[in-house]
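Based on these hints, arrange chain G on the given structure of chain L.
Protein sequences, first through last, are from chains L and G.
The numbers in the numbering used here rise by one with no breaks, and the one at position 91 of the first sequence is 91.
The numbers in the numbering used here rise by one with no breaks, and the one at position 20 of the second sequence is 20.
Calculated directly from the structure, the hints in this document are not laboratory data.
A couple of the hints might just be wrong.
The calculated lysine-lysine pairs, modelled on DSBU-like cross-linking and capped at a C-alpha distance of 35 angstroms, are [stated by the list, open to error]: (1) L:Lys70 x L:Lys2; (2) G:Lys57 x L:Lys56; (3) L:Lys42 x L:Lys99; (4) G:Lys57 x L:Lys70; (5) L:Lys70 x L:Lys99; (6) L:Lys99 x G:Lys57; (7) L:Lys67 x G:Lys57; (8) L:Lys67 x L:Lys107; (9) L:Lys107 x L:Lys70; (10) G:Lys57 x L:Lys2; (11) L:Lys107 x G:Lys57; (12) L:Lys42 x G:Lys57.
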Amino acid sequence: QKEVEQDPGPLSVPEGAIVSLNCTYSNSAFQYFMWYRQYSRKGPELLMYTYSSGNKEDGRFTAQVDKSSKYISLFIRDSQPSDSATYLCAMSGSGGYQKVTFGIGTKLQVIP
Amino acid sequence: TAGITQAPTSQILAAGRSMTLRCTQDMRHNAMYWYRQDLGLGLRLIHYSNTAGTTGKGEVPDGYSVSRANTDDFPLTLASAVPSQTSVYFCASSDSRGREQFFGPGTRLTVL
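Only chain L is shown next, with the shape it has when bound in the complex:
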């Protein structure tokens, strides 16, 4: 079993829809949770960064962490064609330098 599981999709939604992207994990030591966005033929870029459980909002994006269920989500409100990309979840432990474990990414297409 992989430490981080993520459905690769693809996920197609109409413009304006609310998108829900999810990851599950097995390592209870993970304390930091990140979402990266990767456009086609580009490098990943950090989108959201949260610590422990709870929600974090940034514009149309909300990151949610449920440590009791080992489940994290990224919600995109009022999705736009420019949101079409692959979204990778990533996680690491706390204290000093910690290796980051990435999900395989979910490919999202927002259709105009």
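Using the frame of chain L, we list chain G on its own:
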């Protein structure tokens, strides 16, 4: 701000030949990383360096070597390329905590 630059952008290499992928960052980050990204497998860590002068093995280090002579540069060398090393290679950097990683644009390598 350039961030992270990688060279070359793409390369076709004959099996058995050697090649060095270049990576330079201008953010004065202590830590640097090399990942390969393959369809269905996601990002896998090849080698990393927590600080200049030190390197470590990641998840898939075989067939690759790295050096870290200074803070800014982190070259990845394939001593004798094999077709299974066909992939997209990403260089990344972060501060000492390692969680917020900044990625370069990638090098697409095809080994024939």
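Taking the hints in turn, this is what the structure says about them:
no., hint, result
1, L:Lys70 x L:Lys2, "13 angstroms, holds"
2, G:Lys57 x L:Lys56, "33 angstroms, holds"
3, L:Lys42 x L:Lys99, "22 angstroms, holds"
4, G:Lys57 x L:Lys70, "28 angstroms, holds"
5, L:Lys70 x L:Lys99, "18 angstroms, holds"
6, L:Lys99 x G:Lys57, "11 angstroms, holds"
7, L:Lys67 x G:Lys57, "29 angstroms, holds"
8, L:Lys67 x L:Lys107, "24 angstroms, holds"
9, L:Lys107 x L:Lys70, "22 angstroms, holds"
10, G:Lys57 x L:Lys2, "19 angstroms, holds"
11, L:Lys107 x G:Lys57, "29 angstroms, holds"
12, L:Lys42 x G:Lys57, "25 angstroms, holds"
In the structure shown, no violation is registered for any of the earlier numbered hints.
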